[in-house]
Amino acid sequence: MKQRLPLLITLIVGLTLIVQFFSPGLSFIQERFTNWFLVVIVFAFLLGFLSLVKVNITKIKRRSEDWGYSIPLLIALFTMAIIGIGWGIGEGTIFNWLFMNLMVPMSATMFSLLAFFVASAAYRAFRARNLEAAMLLIAATIVMLGRVPISSAGFLSYLKLDAIANWIMTYPNTVGQRAIMIGAALGVVATSLRIILGIERAYMGEE
Amino acid sequence: MGITERLANIDRRIIFLFIAIAVIIPLLHPIGLPTKVSPPVEKAYQAMEGLPDGSYILISADYDPATMPEIQPMMYSLLHHAFKKHHKVIVMALWPQGASLAEEALNEVAPLYDAKYSVDYVNLGFKSGGSIVILAIGSDFSEPFPKDMYGDPTSEMDIMSNIENLNDIDLVIDLSAGDPGIPAWVMIANARFHRKIVGGCTAVSAPQFYPYLDSGQMVGLLGGMRGAADYETRLNILGTATAGMDAQSIAHIVIIIFIIIANIFFFVEKRKKG
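Going down the list, the sequences are from chains A and B. For the first sequence, our numbering gives the first residue as 778, with consecutive numbering after it. For the second sequence, our numbering gives the first residue as 16, with consecutive numbering after it.
Since the hints were derived computationally from the structure, they do not count as laboratory data. Take these hints with a grain of salt, some might be off.
For the chain B half of the interface with chain A, some residues (derived, Cβ under 7 Å), not all of them [what the hints assert, rightly or not]:
| hint | residue |
| --- | --- |
| 1 | H101 |
| 2 | S170 |
| 3 | R241 |
| 4 | I272 |
| 5 | F273 |
Simulated restraints, written as ranges between beta carbons of each label pair [unchecked claim]:
| hint | chain 1 | residue 1 | chain 2 | residue 2 | range |
| --- | --- | --- | --- | --- | --- |
| 6 | B | I36 | A | E868 | 35 to 43 Å |
| 7 | B | Q61 | A | M981 | 30 to 38 Å |
| 8 | B | Y165 | A | W813 | 24 to 32 Å |
| 9 | B | I276 | A | V816 | 52 to 60 Å |
Because the structure is a prediction, the values reported are computed rather than measured. Each residue gets a CB set at the ideal place from its N, CA and C atoms; glycine is no exception.
All chains, full assembly: derive it from the sequences and hints.
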């Protein structure tokens, strides 16, 4: 029963939504399911919150590796939650001040470090070892130059790098991306059918 | 270890130092390199410009502070353009932090055009559920968004009085840093509800959205800081993206020089080893 019930719910919901998609008269079913989903997802947030708290408290108790990081995480989690629920999240609130002056600069700093690591990785790994790698290297160099204004300045403007970069993005890139998209979409359809029919059960914790 | 081998394995902190200099100097002393508007940005501009004054624009702020340097300038430019055209702007977010970032931009840009909250624009805030939220507003905005970001009922707002669902929106703009983002909007808002979509995303994810442009599922695309700078250029405003393009230009040149040097050493070593 513990296994059959979720499988049965998945089968009924999956098939119902497929049938209603092709039947405009049944659109009320989709609206009802959509509203149910929006309610369920809130519980997923609550579950995530409780799981995060549990995992980090256990880590602190057991003095696991890097347990010290769990302390500021829990302090930040509860501080933001209490301040947000208690005093609101809009303009001029403490929550908004903390968000704008702590969260925003810290996140932006982490992301901006990428520029340094990309430069270092490019220096070490970007080698013209064979024909394919050389073609990739040339295309990447053209796009990197063509996507910044310096390609339209001085002698570089005669090379028309921006036009070539646009061509690479519009044609070879689009062709490759479209092939990946079609492949991924077929994969999604196949996996969805496997889930609906109960063949794929990883979402229930099975291997 | 030979000199070429040593240079090939240069300490990464030296590379970091060069990148830091390449970024900081142009930010402190801008060169003012001219920006040429790229075709996907021109299409995005025309999509907004071509609408009659007072049209309804939906902007979904699906990004977070990490991608703010690239995407927030897009939000500013698009708001400038929308308010300049007297469009009604409805902002929402599928990412938790997007609503606050959008709010910051709205508070700065709206007063410049005397735009009034709940009359000319509204921030509906964040709603969890990703693509399901898009599906829900396709039927009825008030279901997922009975209240705005501040807890005021949307049913009592002037701006929402003519809006029932996505069919009443003239242009959907998704500023996205990942999932849920542009693919969800294209698959639901465009494919199912036939809305025009303009996308804004980080430079690294822009290539994957070109098929949507080619197929006409998206009517414009702003890719990374360059996309934002192009839009600023088109609007003739000097924003943070335009200011950042000098630094990005020099940083790209430095990275390319490093790649060339690394390849020279690679071939020298290869020849030595026979």
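Hints, one by one, checked against the model:
Hint status for B:H101: violated, given a least beta-carbon distance of 24 Å to chain A, over 7 Å. Hint on B:S170 is violated. Least Cβ distance to chain A is approximately 17 Å, over the 7 Å limit. Contact between B:R241 and chain A, as hinted, is supported at the beta carbon level, the nearest pair being about 5 Å apart and thus within 7 Å. At its closest, the beta carbon of B:I272 sits 10 Å from a beta carbon of chain A; the interface hint therefore is violated under the 7 Å criterion.
Taken as an interface hint, B:F273 checks out: its beta carbon lies about 4 Å from the nearest beta carbon of chain A, inside 7 Å. Between B:I36 and A:E868 the Cβ separation comes to about 38 Å, which falls inside the hinted range of 35 to 43 Å. Here the CB-CB span from B:Q61 to A:M981 is close to 49 Å, at odds with the stated 30 to 38 Å. Judged by the Cβ atoms, the range 24 to 32 Å given for B:Y165 and A:W813 holds: they are separated by roughly 27 Å.
For B:I276 paired with A:V816, a C-beta distance near 58 Å keeps the hint of 52 to 60 Å intact.
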